[in-house]
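**Student:** Letter by letter, the chains look like this.
There are 2 protein chains.
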Amino acid sequence: MQQYSSTLLEKAVGEFAKLPGIGRKTALRLVLHLLRQPEAEAIAFADAVATLRREVKYCKVCHNLSDTDVCDICSQPSRDSSTVCVVETVRDVIAVENTSLYRGLYHVLGGVISPMDGIGPADLEIDSLVERVRSGKVKEVILALSPTMEGDTTNFYIYRKLEATGVAMSVLSRGISVGDELEYADEATLGRSIVNRMPFTGKSY
Amino acid sequence: MQQYSSTLLEKAVGEFAKLPGIGRKTALRLVLHLLRQPEAEAIAFADAVATLRREVKYCKVCHNLSDTDVCDICSQPSRDSSTVCVVETVRDVIAVENTSLYRGLYHVLGGVISPMDGIGPADLEIDSLVERVRSGKVKEVILALSPTMEGDTTNFYIYRKLEATGVAMSVLSRGISVGDELEYADEATLGRSIVNRMPFTGKSY
Chain G
1 MQQYSSTLLE KAVGEFAKLP GIGRKTALRL VLHLLRQPEA EAIAFADAVA TLRREVKYCK
61 VCHNLSDTDV CDICSQPSRD SSTVCVVETV RDVIAVENTS LYRGLYHVLG GVISPMDGIG
121 PADLEIDSLV ERVRSGKVKE VILALSPTME GDTTNFYIYR KLEATGVAMS VLSRGISVGD
181 ELEYADEATL GRSIVNRMPF TGKSY
Chain L
206 MQQYSSTLLE KAVGEFAKLP GIGRKTALRL VLHLLRQPEA EAIAFADAVA TLRREVKYCK
266 VCHNLSDTDV CDICSQPSRD SSTVCVVETV RDVIAVENTS LYRGLYHVLG GVISPMDGIG
326 PADLEIDSLV ERVRSGKVKE VILALSPTME GDTTNFYIYR KLEATGVAMS VLSRGISVGD
386 ELEYADEATL GRSIVNRMPF TGKSY
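Residue numbers (my numbering), protein chains in the order written: chain G, 1 to 205; chain L, 206 to 410.
The set of hints was computed from the structure by calculation and includes no laboratory data.
Heads up, some of the hints might be wrong.
[To be verified] Output of the computed footprint for chain L on chain G, the stretches with three or more beta carbons under 8 Å from beta carbons of chain L:
1. 8-19
2. 43-52
3. 66-80
4. 90-97
All residues carry an ideal CB built from backbone N, CA and C; glycine is no exception.
In isolation and in its complexed conformation, chain G is listed as follows (with noise of 0.2 Å):
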């Protein structure tokens, strides 16, 4: 059955409908914003969206999304080459970059090793992140995966795939959260953050 009186609606809601969270009411609502603005507002968000899709690239230093065949911050020669932080996802690229605390360089992995999933090491960039350990620069390999069994399995993996190469490698500190309220915080990472307790300079950290 046909719900709308227009299939041209139709299938741009449909459209809408196909993207996670996004249920047809909410499809609906927002093809009809899209048709409330001038013609151009809405030509330009499809041509965004079709440019994004044929012309975007993966760099082929850090697998990161780029418009250039080596992405922003691999070319940034501010940034230091020495340190690289590998994380699943573009977006975990972006959530580091928002601190403004990193200044070094990425590797986006792809995903974690989830054997339920189907994924396994040959599907994510791990070998091209040993091939640019052992090329020589890397001082520093930073895991900064979720911190699930998956990621766990995956720090292990690089670990045992970069030791005899003799870098460092670090994992991200885990505790409660800045800003949580101590008795909120769940056991395992209360009990960690207490295990794994800093020294207190004074200063906030």
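Fit chain L to the known structure of chain G by using the hints.
**Tutor:** Relative to the frame of chain G, chain L by itself:
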């Protein structure tokens, strides 16, 4: 400051974030989802939006969205053309159609009279409604506007405009919602549903 390593990504996220209820984080999630799809899928998404905006028309009878000059609903001979349901927006047409209980035609006003938002009768499809009723075929006009001050004002304005034509006019019944618990119904609605109580015929209604 450029937040992402790709200006193409930046642009697509920016466009998504202009949509109502979509923040930059959600926009990024949606864009990255489209990037994970096959190229044809993402292009189909963009095309559906652009084609809709370029080609969709407004039905010249009822002002609903349509692929053709006269919409599917208005051109169906099986529908009762003597009844016209006056609604605010295209969304309301879809809502009424989804009930499957209405077989008449529609008239989309494009909003309600709202001096606060600078919307007067001339900004709405009221003259065309009067014209349509005067042309003679319409026997009943159902006013299905929002139960708000603006909706009531618009109802009254239309009533005054159509009074002379002798057409029958009705409004949607108001009362407690199907499935509502009485104790949670607001006082105004509950009060009205007592005043406007209906004869009980032994059937569910």
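**Student:** Does each hint fit the structure? Answer for all of them.
**Tutor:** Verification of the hints:
For the region 8-19 of chain G, the stated coverage by chain L holds: 9 residues have a C-beta nearer than 8 Å to a C-beta of that chain, and at least 3 were required. For the region 43-52 of chain G, the assignment as covered by chain L holds, since 10 residues bring a beta-carbon within under 8 Å of that chain's beta-carbons and 3 suffice. A count of 5 residues in the region 66-80 of chain G with a Cβ less than 8 Å from any Cβ of chain L is obtained; the coverage claim is therefore met, three being the minimum. With 5 residues bearing a CB less than 8 Å from a CB of chain L, the region 90-97 of chain G meets the requirement of three and the coverage assertion stands.
When the structure is compared with the earlier hints, no violation turns up for any of them.
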